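Engineer: Chains A and B, in that order, give the protein sequences. Counting with our numbering, you get residues 1 to 435 for the letters of the first sequence. Counting with our numbering, you get residues 1001 to 1435 for the letters of the second sequence.
In case anyone wonders, no lab produced these hints; they're calculated from the structure. One or more of the hints may lead you astray.
With a straight-line cut-off of 30 Å between C-alpha atoms, the simulated DSSO-like cross-links for lysine-lysine are [said to hold, decoys possible]: (1) K432(A) to K1037(B); (2) K196(A) to K1432(B); (3) K1189(B) to K1432(B); (4) K135(A) to K1189(B); (5) K37(A) to K1037(B); (6) K37(A) to K1135(B); (7) K1289(B) to K189(A); (8) K37(A) to K1196(B); (9) K1196(B) to K135(A).
Covered stretches of chain B (in silico footprint by chain A; criterion: 3 or more residues with CB under 8 Å from a CB of chain A, positions within the stretch not fixed) [said to hold, decoys possible]: (10) 1045-1051; (11) 1199-1207.
Note that the structure is a prediction, hence the values are computed from the model and not measured. For glycine and all other residues, C-beta sits at the position ideal for the given N, C-alpha and C.
For reference, the chains in residue letters:
2 protein chains.
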Amino acid sequence: MKQIKLGLSAWRMGYHIAAWRHPSVQPDGSMDLSHFKAVAQAAERYRFDLIFMPDELAIRGEDNPEGARSRGSHVAELEPITLLSALAALTQHVGLVSTGSTTYAEPYNTARQFLSLDHLSNGRAGWNVVTSWGKEDALNFGHLAAPDYNLRYERASEFVDVVRGLWNSWDADAFLRDKESGLFFDPQKMHVLDHKGDHFNVRGPLHMARSPQGEPVIFFAGDSEAGRDVAARAADVVFTAKQTLEDAQAFYASVKGRLAANGRTEDELLIMPGLMPIVGRTREEAEAKHEALQNLIDPLIGLASLYDRLGDLSDYDLDGPVPEPKDPAFRSRAEVIYKLAQKEGYTIRQLYMALASGRGHRVVIGTAEDVADAMQEWQEGRAADGFNIIPTHLPEALDDFGTLVIPELQRRGLVRTEYDGTSLRDNLGLPKRGL
Amino acid sequence: MKQIKLGLSAWRMGYHIAAWRHPSVQPDGSMDLSHFKAVAQAAERYRFDLIFMPDELAIRGEDNPEGARSRGSHVAELEPITLLSALAALTQHVGLVSTGSTTYAEPYNTARQFLSLDHLSNGRAGWNVVTSWGKEDALNFGHLAAPDYNLRYERASEFVDVVRGLWNSWDADAFLRDKESGLFFDPQKMHVLDHKGDHFNVRGPLHMARSPQGEPVIFFAGDSEAGRDVAARAADVVFTAKQTLEDAQAFYASVKGRLAANGRTEDELLIMPGLMPIVGRTREEAEAKHEALQNLIDPLIGLASLYDRLGDLSDYDLDGPVPEPKDPAFRSRAEVIYKLAQKEGYTIRQLYMALASGRGHRVVIGTAEDVADAMQEWQEGRAADGFNIIPTHLPEALDDFGTLVIPELQRRGLVRTEYDGTSLRDNLGLPKRGL
Ligand SMILES: Cc1cc2nc3c(=O)[nH]c(=O)nc-3n(C[C@H](O)[C@H](O)[C@H](O)COP(=O)(O)O)c2cc1C
Ligand SMILES: Cc1cc2nc3c(=O)[nH]c(=O)nc-3n(C[C@H](O)[C@H](O)[C@H](O)COP(=O)(O)O)c2cc1C
């Protein structure tokens, strides 16, 4: 039976917007190596294939009303590549995937950092390629706004080619290191990239040996046409946020369908939607866990989460109806969620709570069987090759998943019980890669 | 008594040009975390204040003749910030200093990486600021040559200001993390940098808490007037390469003399020249160790080390006299070393050997007493506050220094026997710093 691949979002203190206020959570965890050490070692105990670190290059949300800003926990966190390098020394098997921007970095530096993480971990590194859409990110790099969408994707595409080119600077057997003859390497097995492109001129070669897994694993989360094209050409894994089986199936078919034109087979690219599991021994317990978290959402944060679509609602009754969007600047962006509120009969508070839990990702609340069923259905329905598991709060919700759902998945033969290789490519069942 | 500060150059497999061929050396050590783990843990056992990683952004020496290139070990190494992040998890006390370029990086990224390393290590990070002079480095970043010297230093100076500004984004007590009220931070204690300069526009704030040691420690190795000025203004520690007491004293006086004008006292900046110790239980043993290493220098590498000053000497007898420089392109650069060869009566082989061992740094060959004397003389003579110890090969030459010289220095009360603080600033006796 084909196995479900498992990633773990190990971000901050969890993905739920109020995670840091949960009684079980260490509220300065996102600045503390020991927090992440506990999370990574738990992930390994539960036999996850990889842990994943998102990244932003600024404090986002600067347009939010004053009061909301000082209630957000996203203002202080470790840098993910250094963090994962430390975790490389504290783990043995789990893959270490960091996000890295193609808009505000140089490919030579990025190629080095990820390949170095790969060597430090004996072949467990992955790079989640993003183009950094945020205005706040731009302002920290001398731009007034993020470069235009197409430009960002063109640059990203060339950036990835350069990085992969640099990762292929040396054949696996290039280094002789022969003390007797004094020959350190075989010059026939060194490759000078000499890239000259629209965005970059990079000579190379990279001054680092080839990856133990051929190349670090490339992740991509683009959803647009341009994003799917880049993914089909260059990525090994695609992350996505999909709420329904139909949407996920359509996305799956769309991305897999682009592989053949790139001379690649379906097995060479894995699709892993996000999944936020809220697990209890009973459904009631799971619901109660969810509600406890939802009640920790400060109304100012809740309103702020609606702000960029519905404008400032702070003068309205939280437990009254959602007002019709008036400001024309908001109208088009507001439509989808205003319709949702009307359809469900949500109050303002109910609306922000509904949006808050998964923040775009599928949420499954229930027993171990419910969550395992939800996963199996998508995998069997060609909607997912695996899941990026997104705990609400860390490490508690991870332990719920690990102690309840993982044994159920193992019983069904859907996930492994032991690691059976050494590299992240081994974990994911991906072939060694190289140009 | 004032104590001598001790840094350890933990680069590659050692600093000697033939280190990798030494029988005790693991020839792929510079790609292997376990090599550096052994070195860093030894440094801690010997109570070093810090370990130091130089860095280059390319394979340098591309003009060298073909045969020399494939005999050099500098073509494959780990990236230092990721490496030190892994070592942060494997050590407790020793400072972790990485080189970082101001020419081919963005200050927001650099500020994050070093401050993250600092948090991962509980306040043990340092940044050695360099401007990357190499042509080969430039070619990996879309330039045909390194930017002009003055431009590089202007950019470096502004770059350091931006990084320090970002490190000061938050007061030490800015984060409340009050689960009850929901307040995560005190907005009065957040500082938006809003830097607008000739080279950079960076808004900030950095999305990371302030350093446990106030700010990471800044190292600088500039030797020119411009370099000394930047150091006197912004650095905590200056590395330098000086061969004679007189040169070192003049440099020491020159840099320390610039502090008052910057409103700083002499204690706020430490000067640490490089020192390559070759230690034996007797002088004869030390000489023999040196000779054994020198004999491992491949003649092609030796000739290559003369190439950029004397041109191609491969048609001459290695054991014959050094020919007078003919090529006018080489004449001015050749003068100093041609005079040295004449004065000492060196053959070609003897000349490259003489230059090869310390590669610009002071070499002391002798017993533990000899080395301790050499260190004490410079410290008492106001030529050094400490030394950057540069082992010929790792870890063996480090162990020679640690087991022979360290006890002698401890007996003299010149270095500590136990760590007495937690941060790199504590190790170095530097005050907490902040803007
Ligand atoms: C699971 C997942 C993780 C993502 N992580 C990041 C991230 O860490 N940083 C970031 O700037 N964008 C992140 N994104 C945004 C994507 O890179 C991308 O911009 C988005 O999915 C929209 O696709 P498009 O750019 O093709 O329109 C993430 C998206 C998903 C689905
Ligand atoms: C101990 C020491 C270490 C250095 N490390 C590096 C390094 O890692 N990378 C680099 O590009 N330059 C390095 N340099 C070069 C200096 O940054 C500087 O360019 C050089 O000392 C000349 O000074 P100037 O630039 O003011 O002329 C180092 C110099 C010294 C003395």
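Engineer: Indicate, hint by hint, whether the structure satisfies it.
Structural biologist: Each hint, compared with the structure:
1. K432(A) to K1037(B): 28 Å, holds
2. K196(A) to K1432(B): 46 Å, violated
3. K1189(B) to K1432(B): Answer holds: K1189(B) to K1432(B) is near 18 Å, not above 30 Å.
4. K135(A) to K1189(B): 23 Å, holds
5. K37(A) to K1037(B): Answer holds: K37(A) to K1037(B) is near 18 Å, not above 30 Å.
6. K37(A) to K1135(B): 41 Å, violated
7. K1289(B) to K189(A): Answer violated: K1289(B) to K189(A) is near 34 Å, above 30 Å.
8. K37(A) to K1196(B): Roughly 39 Å between the alpha carbons, so the hint for K37(A) and K1196(B) is violated.
9. K1196(B) to K135(A): 17 Å, holds
10. 1045-1051: Contact hint for the stretch 1045-1051 of chain B vs chain A: violated, 0 residues under 8 Å.
11. 1199-1207: As far as the stretch 1199-1207 of chain B goes, the hint holds, because 7 residues have Cβ atoms under 8 Å from chain A.
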